[in-house]
Amino acid sequence: MKKTLLASSLMAAILSSQAQASDINFSGYGSIRGGLLVNDDITPQFFGYDDKVDFKNESLFALQAKANLNEKWNATIVLQARGEENFDLEARWAYLNYQFSPETTISFGRFALPYFRNSDTQDIGYSHNYSRLPTSIYLGEEYDIIEGIRVMHSTFVGDGDITFKGSYGSFSGEVSDVGFELDNILQGSVEYTYEWFSIFAGVLTAEASFDTTTSLDLGLMQALPGYTVTNGTAFNPNNIAVYNMEDLYADEDSALYWSTGFTIDYENWLFNAEYAAYNIDDSFIEETQVMYVALGYRFDKAVVSFVHQDFDFSYDYDQANSADPFINAFVVGATDSFFKPDSYDAQGLHFRYDLDQGVAVKLEFSVINNDLADESASLVTFGVDFIY
Amino acid sequence: MNIFKTIFSTILLVASFASAADISVIVNPANSDSFDAKTIKRIYLGKIKVFPNGEKVTVLTLEDNAPETEMFRESALNKSNSQFKSYWSKLAFTGKGTPPTEVASSADMINAIKADASSIGFVDSSAVTADVKVIATF
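Top line first, the protein sequences correspond to chains C and L.
Just so it is clear: in the first sequence, position 35 is 34 by numbering that gives the first Met the number 0, and no numbers are missing.
Just so it is clear: in the second sequence, position 96 is 95 by numbering that gives the first Met the number 0, and no numbers are missing.
I should point out that these hints are in silico values taken from the structure, not numbers from a laboratory.
None of the values given here were measured: they were computed from a predicted structure.
Wrong hints could be hidden among the right ones.
Here are the computed distance ranges between Cβ atoms for each label pair [stated by the list, open to error]: (1) L:Asp-21 to C:Asp-50: 51 to 61 angstroms; (2) C:Ser-100 to L:Glu-101: 38 to 48 angstroms; (3) L:Asn-110 to C:Glu-84: 43 to 53 angstroms; (4) C:Asp-250 to L:Thr-100: 45 to 55 angstroms.
Virtual Cβ for every residue (Gly too), placed ideally from N, Cα, C.
Whole structure, please, built from the sequences with the hints as guidance.
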C-alpha cells in the first residue's frame with residue numbers, strides 16, 4: 000500500500016508538473032532471456048531454470064519517466080515488469096532528486112538498496128557483459144528496495160574521482176511469501192575511479208524482522224503434540240517451560256553487510272572482482288560469504304568473459320539449546336526448512352555481442368556445483384539486452 | 000634522391016590532410032573558459048556538470064550512428080559506442096545523471112551552440128562556422 004501511494008503520487012507529480020509533455024523524458028531498458036539446464040543432476044537454487052526452456056524467469060521490461068521540475072529538482076519513476084512476477088507492473092524506483100550542488104545530490108523516495116556495488120544496476124542487462132550479474136552476490140531482488148533518503152557526493156582527487164553514497168530508510172515486503180521488514184537501514188559506500196581501474200567498499204546495517212512468529216508457534220505445537228507455546232515460551236506436556244522461542248524468532252535482529260570490489264579495464268582486458276560477507280545476529284546462519292572474479296577480453300564488438308563465483312555460509316544450531324531433545328529436533332528442522340540455502344560454486348563463459356545501437360546479444364554456458372550434494376548442473380542461456 | 004624526397008613529402012602531406020578530417024569540440028563564442036582534454040572527457044562522462052563560471056552545462060551529441068559521434072567517443076573518451084551507452088545506462092537509470100542530448104545534424108548542432116551560451120558539442124571540423132568557438136580537436 001505504502002509503495003503504491005508513493006509511486007502514484009510521484010507519477011501525479013510528474014504528470015501535473017508545469018513541465019510540458021516535451022520536458023518529460025522517457026527512456027528504458029529490458030531483457031529477453033531464455034535458458035535451460037542441459038545436464039541436471041541437481042536443480043540449483045537462485046538460477047531459476049530447470050530442464051525445460053524458459054523465457055520468463057529472467058525477462059523484464061522497464062520504462063523510465065523523468066521530469067525536470069526546475070534547475071534543482073527532478074522527479075523520476077521507473078516502472079518495471081518482470082517475467083518472474085508474471086510481468087506485473089511495479090514502481091521499482093520512484094524518487095525526487097534535489098541537486099544540492101554540482102557535486103551533491105539528495106534523493107527522496109523509493110530506490111534500489113545498494114547492498115552491494117552493482118545492486119542498483121543489476122536489472123540493466125545492457126550495462127554489463129554477463130548474462131546476469133553473478134548470483135552468488137546478486138541473489139535477486141526480493142528485499143533490495145529502500146524507502147527513504149539517499150545522499151551522493153562526488154569529487155575529484157588528482158586524476159581520479161571519488162564518490163560517496165549514503166542511504167537511510169526502511170523496507171517492508173515479503174520474502175518467500177513470509178512477511179519481512181528491515182528497519183533503520185543505514186548504508187554507506189565509497190568508490191574511487193581512475194582512468195582504467197576503480198575500487199569500492201560498502202557497509203550496510205539494519206534491523207531485520209521475519210514474520211514467522213505465528214507459524215513457528217503453530218508449527219511447534221503441531222509437530223510436538225502436547226506441547227504449548229505461550230508468550231514466546233514453549234512448555235512440554237508436563238507444563239514445564241523448556242524453550243525460549245525468542246531464540247528462534249527473527250525479530251529486530253541486527254543485520255550487517257559489508258562488501259568490497261575492484262574493476263580493471265585496461266587495453267581491452269577486463270577484470271572484475273567482488274567479495275561480500277553478511278550475517279543476521281541470532282539467526283541460524285552465522286555468516287554468508289560470497290564472491291566472484293571475472294576475466295574478460297573485448298574484441299571489436301564482442302566481449303568474452305570467464306566468471307567464477309562462490310556462495311558459502313557458516314552455520315550453527317546454537318538455537319537448539321533446550322534441555323528437551325524433541326524441542327531441539329524441531330528447532331533444527333525449522334532451521335533447515337526456513338532458511339538453509341545451498342552452498343555452491345559455479346564457472347561460466349559469457350559472450351556479449353553488440354548487434355546494433357543499444358542492442359546486445361548474450362550467450363552463456365555455466366556449470367553450477369552444489370557443494371553439499373557434490374553434484375552439478377549445466378546451464379545454457381541466450382538473450383537480448385537493450386536500452387532505449 | 001630528390002625524387003624520393005618529393006614522394007616522401009607528398010605522402011606526408013596526404014597523410015596530414017587525411018588526419019585533418021577530425022572532430023572539433025565547440026562551445027558558444029561567449030564562453031571564455033579554457034578546456035583541456037580531461038575536462039572535455041569528464042563533461043561527456045557526466046562527472047562535471049557545471050562550467051568553471053558556474054553555469055550548468057548543456058551537453059550535446061550527434062546521433063549514435065553518425066560517424067562523427069563514433070570518432071569523438073573513440074578518440075576523446077576512449078570508448079566505443081556500446082561502451083559509452085553501457086556506461087551511461089548505469090547513470091541514467093539510477094538518478095546519477097542525464098546522458099548528452101542528441102541533435103540531428105551538424106547544422107542543428109551549430110545552431111544549438113550558437114543559441115545557448117552554456118552548451119558544448121562537437122562536429123566534423125569542416126562544418127565549423129564563425130558562430131561557434133573551437134576549444135579542442137581530436
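Taking the hints in turn, this is what the structure says about them:
1. One distance hint, 51 to 61 angstroms for the beta-carbon pair Asp-21 of chain L and Asp-50 of chain C, holds here, with the actual separation near 56 angstroms.
2. At roughly 27 angstroms, the beta-carbon separation of Ser-100 of chain C and Glu-101 of chain L lies outside the given 38 to 48 angstroms, and the hint is violated.
3. Distance hint check for Asn-110 of chain L and Glu-84 of chain C: the Cβ-Cβ separation is about 47 angstroms, which falls inside the suggested range of 43 to 53 angstroms.
4. Range check, Asp-250 of chain C to Thr-100 of chain L: Cβ separation about 51 angstroms, and the 45 to 55 angstroms hint holds.
Hint compliance for this structure: hint 2 alone is broken.
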